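Construct the complete structure from the given sequences, taking the supplied hints into account.
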Amino acid sequence: MSQSLPVRTGRALLPWLVPLSLVLAWQAAAQAGLISHRVLPAPLEVLKAGAALTESGDIWSNLKISFWRVAVGFVIGLALGLATGVSRLAEGALDTTVQMLRNIPPLALIPLVILWFGIDEGAKVFLVAFGTVFPVYLNTYLGIRSIDPALIEMAKSYGLSGFGLFRHVLLPGALPSILMGARFALGIAWIILIVAETISSTSGIGYMAMNAREFLQTDVVVLSILLYALLGKATDMAARALERASLRWHPSYQAA
Amino acid sequence: MDRFIPPAAGSALQLTGLSQRFGQRRVLDALDLTIPAGQFVALVGRSGCGKSTLLRLLAGLDQPSAGHIDNDAPPSDTRVMFQDARLLPWKTVLDNVGLGLSGQWRDAARAALAEVGLADRADEWPTRLSGGQRQRVALARALVHQPRLLLLDEPLGALDALTRIDMQQLLERLWQHHRFTTLLVTHDVGEAIALADRVLLIEDGRIGLDLAIDLPRPRDAADPARLALEAQVLARVRQQPQPEPVTPPARPTPLPSQLRWSL
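Chains A and B are the protein sequences, given in the same order. Residue numbers 1 to 256, in my numbering, belong to the letters of the first sequence in order. Residue numbers 1001 to 1263, in my numbering, belong to the letters of the second sequence in order.
Check before you lean on any hint, since a few could be wrong.
Below are the EDC-like pairs computed for lysine to aspartate or glutamate, each with C-alpha atoms no more than 20 Å apart in a straight line [claimed, not checked]: (1) K156/A with D1095/B; (2) K64/A with D236/A; (3) K1091/B with E153/A; (4) K1091/B with D1123/B; (5) K64/A with D120/A; (6) K156/A with D1077/B; (7) K233/A with E243/A; (8) K1091/B with D1120/B; (9) K156/A with D1062/B; (10) K1091/B with E1124/B; (11) K156/A with D1084/B; (12) K1091/B with D1107/B; (13) K1091/B with E243/A; (14) K1091/B with D148/A; (15) K64/A with E121/A; (16) K48/A with D58/A.
Note that these hints are calculated values from the structure, not bench results. None of these values were measured; they are calculated from a predicted model.
This is the structure in structure tokens:
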């Protein structure tokens, strides 16, 4: 594994090659007058809008609120998924219901959710939780079911049961699968939040974008879209870091 | 290292009218057996004759259809070693040995690892170990509980010949030191004669042969008396017709179609 510095830097930059060239091409096209700035503002204008909003502090408060909504909804989804995935009793009582509910697109609930919760925080958190609970639930369930029964038998013969069995065998054994579900759920959480924020909100990035549309501020609209892309990437990177830290034992995470 | 694991006395076993059936097939049929404390017993027989079934009953992993087992030690003093090491891949070697222990268990676990010669691998992941090393970790995990009854379900079956011989010597040494009652299930008659005080052959669900092995230890592989015994037992095993294979009903793993995947 002895590679020269240029090779390693090249490797690190490779994933960013495509997005960077796209941005450059976009800027060139805008400057050449090929794209009207009403339709799509140049990247530099978007950056300027970003700088202005950062200075006024709007961008941070909206970012914080959006992030908070995803976090709360995600944690509720994870807790419900773990409970049903681990406990046979909870599974028996809830599995059929969950299988029925998960076929409802979360966004179809928006009218009802607005009636129930208004357009407050509760509505967004509910929608995000509703969308994230199913992938987390299904992957947790699958992860626990796919643990080698021989290992569970061994652990029981060594006197483990109840919480001890959960902590030492079931949870770590299911963790790769749970984290997979978590990454999947994070993607869904952002999608739902975006829609929920654009439809009914008085804060958040989606609101910022809809507000900008009213005033024909295309640069702010594009900025919001880019922010969502960056936020999605950031949460995915966090989930992967968590994966690497907690799956050190897994052969595919060990350095060769 | 003797400081941490004092020799524990073996437990005595009394099996009365023990029967086990899977569907129509009787695997064990009213089997009676007495095993005195500290004895090293080897169970041999054709595959499917019920030796592993008997071991699982003694381990409490299955319940017998009829009859009962008297063990003068509580169930927590019985430990099983399986054919595969069954180490938890997400725990380090040391944490695997300490499974099920509480309080200040690290010193005891390190001492047990030292006994099987793996003290220097304590902080590695099990996936990094060879098959023989994994079995030694599994042995350390059993020893750290100071078992009074050690059940060995073909633990050396998957090892290469040289590793097997090393493991056999290790097992004999540990048994001589700790004096736990040992029941070894094996399909290797030579291994049974090398290690055991007493060789039992299971046929038709009962004890078909009960042979005391009085050879001095350590046993020489080329000793004519040992070779003669080996030939005698092997001839007896081969007289028996091959029983129809029986697989105990294991917990079914879900089929892909039974799992409902998202999106």
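Evaluation of the provided hints:
A distance of roughly 16 Å separates the Cα atoms of K156/A and D1095/B; the hinted pair therefore holds under the 20 Å criterion. Of the supplied pair hints, the one linking K64/A and D236/A holds, its CA atoms being roughly 17 Å apart against a limit of 20 Å. For the hint linking K1091/B to E153/A, the alpha-carbon distance of about 17 Å falls within 20 Å, and the restraint holds. Pair hint K1091/B plus D1123/B holds up; C-alpha atoms about 9 Å apart against a cutoff of 20 Å.
For the hint pairing K64/A with D120/A, the CA-to-CA distance comes to about 16 Å; that is within 20 Å, so the pair holds. Simply put, K156/A and D1077/B have alpha-carbon atoms about 14 Å apart, close enough for the 20 Å limit, and the pair holds. About 15 Å separates the Cα atoms of K233/A and E243/A, which keeps this hinted pair within 20 Å; it holds. The hinted pair formed by K1091/B and D1120/B meets the criterion: a straight-line CA distance of about 16 Å does not exceed 20 Å.
For the given pair, K156/A sits about 12 Å from D1062/B by alpha-carbon distance, which is consistent with the 20 Å threshold. This hinted pair checks out: K1091/B and E1124/B have alpha carbons roughly 9 Å apart, not beyond 20 Å. Taking the CA atoms of K156/A and D1084/B, the gap is about 16 Å. The hint holds against a cut of 20 Å. A distance of roughly 17 Å separates the Cα atoms of K1091/B and D1107/B; the hinted pair therefore holds under the 20 Å criterion.
Proposed proximity of K1091/B and E243/A is supported: the alpha carbons are some 16 Å apart, at most 20 Å. For the hint pairing K1091/B with D148/A, the CA-to-CA distance comes to about 15 Å; that is within 20 Å, so the pair holds. Pair hint K64/A plus E121/A holds up; C-alpha atoms about 13 Å apart against a cutoff of 20 Å. Proposed proximity of K48/A and D58/A is supported: the alpha carbons are some 14 Å apart, at most 20 Å.
Hint check: no violations occur; every hint is consistent with the structure.
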